[in-house]
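Chemist: Protein sequences, first through last, are from chains A and B.
Each residue of the first sequence is one higher than the one before, counting from 1 in the working numbering.
Each residue of the second sequence is one higher than the one before, counting from 390 in the working numbering.
The set of hints was computed from the structure by calculation and includes no laboratory data.
Treat the hints with care, as some may be off.
[As the list claims (entries may be wrong)] Here's a subset of chain B near chain A, in silico, CB distances under 10 Å, partners left out: (1) G418; (2) D468; (3) I579; (4) K627.
[Claimed, not checked] For each label pair, taking beta carbons as the anchor points, the in silico distance ranges come out as: (5) A/Y353 with B/I407: 40 to 48 Å; (6) B/K631 with A/Q346: 18 to 26 Å; (7) A/K276 with B/I551: 38 to 46 Å; (8) B/K627 with A/Q346: 51 to 59 Å; (9) A/E232 with B/H441: 54 to 62 Å; (10) A/E356 with B/L632: 19 to 27 Å.
Where is the CB? At the ideal position from N, CA and C, for every residue including glycine.
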Amino acid sequence: MNPELNDPHPMKLEMNEQQLMIRNMVREFAAKEIAPIAAELDKKEEYPTKTLEKMAKLGLLGIIIPTQYGGAGLDTISYATVVEEISRKCASTGVITSVHNSLAAWPIIKYGTDEQKKKYLPILAKGEKIGAFAATEPNAGSDLGAMLTTAVLKGHHYIINGSKTFITSGPKAGIIIVFAVTDKNAGVKGLSAFIVENTMKGYSVGSIFEKLGIHASLTSELIFENMEVPKENLLGKEGEGFKIALSTLDGGRIGIASQAVGIAQAALDESIEYSKQRQQFGQHISKFQAIQWMIADMATHIEAARFLVYNAAYKKDKGERISKEAAMAKLFASETAMDAVNKAVQIHGGYGYTKEYTVERLFRDAKITEIYEGTSEVQRMVIAANVLG
Amino acid sequence: MNIVVCAKQVVDVSEIKIDPQTQKPIITGIAKKISDIDKNALEEGIRIKEKHGGKITVISVGSADVKERIKELLAMGADEGVLVVPPDNADYAMISHILAGVIKKIGSYDIVLCGEASIDMFSGQMGPRIAGFLGIPQITYAQKVSAEKDHVVSERNLGDKIVTMESLYPVLITVTKEINVPRLPSLMQILGSASKPLLIWPMDGVVSGQLIHKISTIDVKGVPMQRKNIVYKDDIDKSVEKLVNDLAKEGVLR
Numbered sequence: 001m002n003p004e005l006n007d008p009h010p011m012k013l014e015m016n017e018q019q020l021m022i023r024n025m026v027r028e029f030a031a032k033e034i035a036p037i038a039a040e041l042d043k044k045e046e047y048p049t050k051t052l053e054k055m056a057k058l059g060l061l062g063i064i065i066p067t068q069y070g071g072a073g074l075d076t077i078s079y080a081t082v083v084e085e086i087s088r089k090c091a092s093t094g095v096i097t098s099v100h101n102s103l104a105a106w107p108i109i110k111y112g113t114d115e116q117k118k119k120y121l122p123i124l125a126k127g128e129k130i131g132a133f134a135a136t137e138p139n140a141g142s143d144l145g146a147m148l149t150t151a152v153l154k155g156h157h158y159i160i161n162g163s164k165t166f167i168t169s170g171p172k173a174g175i176i177i178v179f180a181v182t183d184k185n186a187g188v189k190g191l192s193a194f195i196v197e198n199t200m201k202g203y204s205v206g207s208i209f210e211k212l213g214i215h216a217s218l219t220s221e222l223i224f225e226n227m228e229v230p231k232e233n234l235l236g237k238e239g240e241g242f243k244i245a246l247s248t249l250d251g252g253r254i255g256i257a258s259q260a261v262g263i264a265q266a267a268l269d270e271s272i273e274y275s276k277q278r279q280q281f282g283q284h285i286s287k288f289q290a291i292q293w294m295i296a297d298m299a300t301h302i303e304a305a306r307f308l309v310y311n312a313a314y315k316k317d318k319g320e321r322i323s324k325e326a327a328m329a330k331l332f333a334s335e336t337a338m339d340a341v342n343k344a345v346q347i348h349g350g351y352g353y354t355k356e357y358t359v360e361r362l363f364r365d366a367k368i369t370e371i372y373e374g375t376s377e378v379q380r381m382v383i384a385a386n387v388l389g
Numbered sequence: 390m391n392i393v394v395c396a397k398q399v400v401d402v403s404e405i406k407i408d409p410q411t412q413k414p415i416i417t418g419i420a421k422k423i424s425d426i427d428k429n430a431l432e433e434g435i436r437i438k439e440k441h442g443g444k445i446t447v448i449s450v451g452s453a454d455v456k457e458r459i460k461e462l463l464a465m466g467a468d469e470g471v472l473v474v475p476p477d478n479a480d481y482a483m484i485s486h487i488l489a490g491v492i493k494k495i496g497s498y499d500i501v502l503c504g505e506a507s508i509d510m511f512s513g514q515m516g517p518r519i520a521g522f523l524g525i526p527q528i529t530y531a532q533k534v535s536a537e538k539d540h541v542v543s544e545r546n547l548g549d550k551i552v553t554m555e556s557l558y559p560v561l562i563t564v565t566k567e568i569n570v571p572r573l574p575s576l577m578q579i580l581g582s583a584s585k586p587l588l589i590w591p592m593d594g595v596v597s598g599q600l601i602h603k604i605s606t607i608d609v610k611g612v613p614m615q616r617k618n619i620v621y622k623d624d625i626d627k628s629v630e631k632l633v634n635d636l637a638k639e640g641v642l643r
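All chains, please: the whole structure from these sequences, using the hints.
Modeler: Rendered as structure tokens:
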């Protein structure tokens, strides 16, 4: 007999003790170390170098990296809650954490050789170098098959030429997963992935973008001019690049969805506090039904988004394919974030439009979650393809 | 150096609301945590252990759910936890008696560390009472502790003056929240805390004889703070003058 049939609560929608301890720790860290400086970093467009050093000491840059490589070896729900709690105070630090863990470390964990894991994972876990992921090109965004960067094997090195754009942490990254064409006649099956170090000959950082939001996470072009990458830095096999990119982005979407939930939660936190303190027509605006309905909708959508994230994370840990679940979580969470920040600014009225109030930053930070690591349109394509078969 | 740290679970007092009808605090559904100053005590214990080596035992008297909180302290750096569930309505005398019993049962200890007071009741009695039961010296309100091999030097913050004291071991020290900044546990420490011993000791192995309840709490009420809601509508100069006068009358300005 199935023992679960005897369990009166066979389905548990709650965190275990360890996950709760992790959430509490990160929540406290974010309140003490991130919240006080988030607005200033945003204003100065300053990378959170010191925060990342502190996070590395707490193990937050090696959340999913196995313990034998110096990481914490934790589950994806723990990872999601870390990214959410960090993003709740600073979305820029949140995306740096997400990209470092799920787009740089994860493909090495999943597809790397023992030598690659031994060489690169401890460096990432300790935060000695920050990770990045370089697939996007000026003419190859959602359509990765249009990539122009090439990698040609010459002796013991691949010679890589081309450029990448919109690379999160680009100017600061030390270990970058780079995608390039190794067989231009094979379409997406001609793409390959490489582990690149910023110190390699021919590697340079291009221009840094001025962005609407996530100001503290620097985003740039990367330029490869006859960049020499040792043969042993090929990740997976030649031609596996597209597969590696897609499966990595499935996990990355859990990170971005968590970031979006964090931004949305912050919008709700700010709105609750403000509406209970702001008085108009002789009463707190939280007493007005118009405000109450906005708050109720925000809270409900956030809860739903968070459960979609946990669902995708839970299935990822079970080893299931999560393209659909991760796309749903990312789509819903990012649209929830956009809706929540819009309502939050509305609740704050004129004050919400000024830089005096946190919601102004949240409003600018939220938009990117609907764009990077797959636009909402791409998420809908993925979901539709899975649902329609 | 064997170190014992006393810790208490409290409700997060910053989240307490007062029922406007009954004036009673609403504490149901409020998050629980370890009293902040007890974390300062543990942090000081960890620093002493880092200097001299040894073992840190965290002890608590409270409901069974305090186990979860003790795990956080094990993650922070304590080596072992002991919890005793007291009888209902235990008062300060009873709880300090039980804590002293736990420390006696542990047997070998050099320093007992407590917060100067808990953030909920703030009686400040627990440390002195325990030292009394144990018959050991005490240094209260320590804002600095220098633990040497055979003695400890400590600065007591008495508000208007700082008193430096010295004691041999064993000694009980209560610390202020200014003494240090408690560390956060790393992910690895959180994972490691699961394998540290966390014992629940029954009452009868800790204290002998009947504990006598001496203090009864008759009522707990919030202090109502009525706003005066005075609006000054004259021109600025007159309004400021009136405001200053009113503030002086209220004793705010002197």
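Chemist: Less than 10 Å between beta-carbons is the criterion; does B/D468 satisfy it with respect to chain A?
Modeler: 17 Å, violated
Chemist: When you take the CB atoms of A/K276 and B/I551, is the distance between them in 38 to 46 Å?
Modeler: About 42 Å separates the Cβ atoms of A/K276 and B/I551, which means 38 to 46 Å holds.
Chemist: For the hint on B/I579, does the least C-beta distance to chain A fall short of 10 Å?
Modeler: 5 Å, holds
Chemist: So, B/G418 near chain A? Judge it on the closest CB pair being under 10 Å.
Modeler: Interface hint status for B/G418: violated (16 Å vs cutoff 10 Å).
Chemist: Indicate whether the distance between the beta carbons of A/Y353 and B/I407 respects the range 40 to 48 Å.
Modeler: 35 Å, violated
Chemist: Could you say whether the range 51 to 59 Å given as a hint is met by the Cβ separation of B/K627 and A/Q346?
Modeler: 38 Å, violated
Chemist: Is it true that the C-beta distance of A/E356 to B/L632 lies inside 19 to 27 Å, as the hint says?
Modeler: 25 Å, holds
Chemist: Quick one: are B/K631 and A/Q346 within 18 to 26 Å, going by C-beta?
Modeler: Violated - the Cβ-Cβ distance for B/K631 and A/Q346, about 38 Å, lies outside 18 to 26 Å.
Chemist: Does the hinted range 54 to 62 Å hold for A/E232 and B/H441 at CB?
Modeler: 48 Å, violated
Chemist: Is the shortest C-beta separation between B/K627 and chain A less than 10 Å?
Modeler: 25 Å, violated
The structure does not agree with the numbered hints 1, 2, 4, 5, 6, 8, 9 stated previously, though it agrees with the rest.
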